[in-house]
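Listed here are the chains, written in short residue letters.
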Amino acid sequence: MNIPPTCDIVVIGGGPAGSLAATYLSQKGYAVVLLEKQQHPRYAVGESLLPDFWKYCDEAGVSAKIEAEGFIRKAGGSVDWEGTMHRLSFKDFGYTRPALHVERDRFDQILLTHAGACGVQIFEQVAVIDADFSDPAAVVVNYRAVGEAAAQARPERITCRYVVDASGQNAVIGRQLGLRIIDEAFRFMSVWGYFTDSSYLAADGQIYPASQVRTVPPTTYVSALPQGDGWAWLWHIMLREMTSIGLVLPLAWVKSVKAQEGGWESWYLRQCEAIPLLQRLLQPARFCPGSVRLVRDYAYRSRQVAGPGFFLIGDAAGFIDPIFSVGVVLGMYGAYIAAWSIDRCLQTPARCAEYQAIFSRQLQNRLELGRALALPYYQTTTEGQQQARQAIAFAGVEAQGLMYAAALLTARSPNFTSLIDSPAIRQDAQARLQPLSVAV
Amino acid sequence: MMLSETQIIQSLINYLQTELSQDRLLITPETALIEAGLIDSLTIFKLIVFLEEHFTIKIQAEDIVVENFATVCALQALVQRKLPLLNKE
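Quick note, the sequences are listed as chains A and B, same order.
Remember, this note's numbering sits 1200 above the position in the first sequence when you count from 1.
Remember, this note's numbering sits 6 above the position in the second sequence when you count from 1.
Hints listed in this document are in silico derivations from the structure and should not be mistaken for laboratory results.
Just so we're clear, the structure is a prediction, and the values are computed from it rather than from any experiment.
Careful: at least some of the hints might be erroneous.
To be verified - Calculated lysine to any residue pairs in the SDA-like style (CA-CA distance at most 25 Å, straight line):
id: 1; chain 1: A; residue 1: 1255; chain 2: B; residue 2: 74
id: 2; chain 1: B; residue 1: 64; chain 2: B; residue 2: 30
id: 3; chain 1: A; residue 1: 1255; chain 2: A; residue 2: 1244
id: 4; chain 1: A; residue 1: 1255; chain 2: B; residue 2: 23
id: 5; chain 1: B; residue 1: 88; chain 2: A; residue 2: 1547
id: 6; chain 1: A; residue 1: 1228; chain 2: B; residue 2: 25
id: 7; chain 1: A; residue 1: 1228; chain 2: B; residue 2: 90
id: 8; chain 1: B; residue 1: 88; chain 2: B; residue 2: 40
id: 9; chain 1: B; residue 1: 52; chain 2: A; residue 2: 1412
id: 10; chain 1: A; residue 1: 1255; chain 2: A; residue 2: 1356
id: 11; chain 1: A; residue 1: 1255; chain 2: B; residue 2: 88
id: 12; chain 1: B; residue 1: 52; chain 2: A; residue 2: 1244
id: 13; chain 1: A; residue 1: 1255; chain 2: A; residue 2: 1550
id: 14; chain 1: B; residue 1: 52; chain 2: A; residue 2: 1246
id: 15; chain 1: A; residue 1: 1228; chain 2: A; residue 2: 1208
id: 16; chain 1: A; residue 1: 1255; chain 2: A; residue 2: 1330
id: 17; chain 1: A; residue 1: 1291; chain 2: A; residue 2: 1319
id: 18; chain 1: A; residue 1: 1265; chain 2: A; residue 2: 1246
id: 19; chain 1: A; residue 1: 1255; chain 2: A; residue 2: 1543
id: 20; chain 1: B; residue 1: 64; chain 2: A; residue 2: 1561
id: 21; chain 1: A; residue 1: 1228; chain 2: B; residue 2: 59
id: 22; chain 1: A; residue 1: 1265; chain 2: A; residue 2: 1412
id: 23; chain 1: A; residue 1: 1255; chain 2: B; residue 2: 33
id: 24; chain 1: B; residue 1: 88; chain 2: A; residue 2: 1440
id: 25; chain 1: A; residue 1: 1228; chain 2: B; residue 2: 74
id: 26; chain 1: A; residue 1: 1265; chain 2: A; residue 2: 1440
id: 27; chain 1: A; residue 1: 1255; chain 2: B; residue 2: 72
id: 28; chain 1: B; residue 1: 64; chain 2: A; residue 2: 1543
id: 29; chain 1: A; residue 1: 1255; chain 2: B; residue 2: 71
As the list claims (entries may be wrong) - Coverage of chain A stretches by chain B, computed from C-beta distances (three or more under 8 Å per stretch; other residues unrestricted):
id: 30; segment: 1350-1356
id: 31; segment: 1444-1450
We treat Cβ as the ideally placed atom computed from N, Cα and C, and that holds for glycine.
Using the sequences and the hints, build the whole thing.
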């Protein structure tokens, strides 16, 4: 490993947010070092991407590589919420580019490899321990090799102007500085696993076998679950070879039924069997043993997303219920505006605090909008409401309509009636929802 | 250099027309820039750099609200407020 002793920017983490931030900064001419704890390709969840992600990939020059991979193009969503089923198609909201279902090991690897091709120095199996911000003009990042080289590895250091924490839920810098706030009103848990040969729902409301997934685009199927007062839900995401199926459940409910035999895997399979439409889709499917994973307590935000010497982006800045697939796009957005802000800071150091304030306000606005969209009983301060309103106003007509429609589908619309002023957008969104009935 | 209201509007239209719309759209002082898709979460940052560098002004975090970016007229008013007194008519 030849990690240099100094550089302009250290990026922690090689997921979509880290890879894109590093790419943008390298394209602006800065010396960027990216430290990734794992070795790509590596597993990650979060497989559904909204069409908005393309513009960030265009900006990085990586869209052609993603198109060439042949990921599954999805047509929209099929949502079963408390007895009412609807579908929505992205093209009805004016989107011209496809949403994707991606295997994140491969998708993330494409972005990371592209960062390397753009001049980013990438070092994998390197874990950042912490950073020393006592001299804000020369941040010292302490790291250590993991994996095969770990036995003889001693902590080492690299000095930089800025560190971008894109370390995902590890949130290395956020935890070190005590910036994370766990969302007490939203203590959920997610359990998910993989199947082969699952049938799926297409945009026409019909059920198709897995063999047709490349010819008849699937929808992301989302359904409310009976556990926990209408908060709980499931996802069904068709990938190229497998299907990802996940349950999002209130932690309190999970705790109340925890004394179950057979461990999480059999518990998960029993939950899947209890949902009639899911069971119908899974009739020809085979479960992949050992594929069940779970995450607890995963909704949080940060009291601060930038400060002297650092920026937080992606899941390291905040994480919300993934119900509307906004996570990856939010990570890419953070990457873009962090790179913008760092570039402005380095060009005009005297105004650094102002550029960090612009980054912070815009990212916090977007996170607040994400909370309004995802939290079933969204309660916030007047300031939070204003933040979400600003973020949605800048989102454009298509995205506003899509968000409003998505909110209607899942009984989260009361949050949105107060955020979207235009009666036209509300009516259009309503009109574009198509009732759906699927024979189970 | 004294900048008139008309000059500011013309500079803004030129920039939006050539850089952000790539001449796809005819922009007037009243065009709804966000609804037309010209200003979004990404292009607004390019626009901020243009505003700062072209007019030698400083945009602050609290200036980035939809009311200031809705139309060319709104942008012109923002620029006018930010220009040093010397430049105002």
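Hint check:
1. 1255/A <-> 74/B: Holds - the C-alpha atoms of residue 74/B and residue 1255/A are around 24 Å apart, at most 25 Å.
2. 64/B <-> 30/B: Outside the cut-off at roughly 29 Å; violated.
3. 1255/A <-> 1244/A: Roughly 22 Å between the alpha carbons, so the hint for residue 1255/A and residue 1244/A holds.
4. 1255/A <-> 23/B: Distance of about 19 Å is within 25 Å: holds.
5. 88/B <-> 1547/A: Distance ~21 Å between residue 88/B and residue 1547/A Cα, so the pair holds.
6. 1228/A <-> 25/B: Measuring from Cα to Cα gives roughly 18 Å; hence the hint holds.
7. 1228/A <-> 90/B: violated (30 Å)
8. 88/B <-> 40/B: Holds: residue 88/B and residue 40/B sit about 22 Å apart, inside 25 Å.
9. 52/B <-> 1412/A: With Cα atoms ~43 Å apart, residue 52/B and residue 1412/A exceed 25 Å; violated.
10. 1255/A <-> 1356/A: Violated, because 37 Å separates the two Cα atoms, which is more than 25 Å.
11. 1255/A <-> 88/B: Violated, at about 31 Å.
12. 52/B <-> 1244/A: violated (32 Å)
13. 1255/A <-> 1550/A: The given pair, whose Cα atoms are some 31 Å apart, is violated under the 25 Å limit.
14. 52/B <-> 1246/A: violated (29 Å)
15. 1228/A <-> 1208/A: The given pair, whose Cα atoms are some 12 Å apart, holds under the 25 Å limit.
16. 1255/A <-> 1330/A: Violated: residue 1255/A and residue 1330/A sit about 33 Å apart, past 25 Å.
17. 1291/A <-> 1319/A: violated (36 Å)
18. 1265/A <-> 1246/A: holds (20 Å)
19. 1255/A <-> 1543/A: Holds: residue 1255/A and residue 1543/A sit about 20 Å apart, inside 25 Å.
20. 64/B <-> 1561/A: holds (16 Å)
21. 1228/A <-> 59/B: holds (17 Å)
22. 1265/A <-> 1412/A: holds (24 Å)
23. 1255/A <-> 33/B: holds (22 Å)
24. 88/B <-> 1440/A: violated (53 Å)
25. 1228/A <-> 74/B: violated (28 Å)
26. 1265/A <-> 1440/A: holds (17 Å)
27. 1255/A <-> 72/B: holds (21 Å)
28. 64/B <-> 1543/A: The given pair, whose Cα atoms are some 16 Å apart, holds under the 25 Å limit.
29. 1255/A <-> 71/B: Roughly 22 Å between the alpha carbons, so the hint for residue 1255/A and residue 71/B holds.
30. 1350-1356: violated (count 0)
31. 1444-1450: The restraint on the segment 1444-1450 of chain A is violated, since only 0 of its residues have a Cβ under 8 Å from chain B and three are required.
Hint compliance for this structure: hints 2, 7, 9, 10, 11, 12, 13, 14, 16, 17, 24, 25, 30, 31 are broken, all remaining hints hold.
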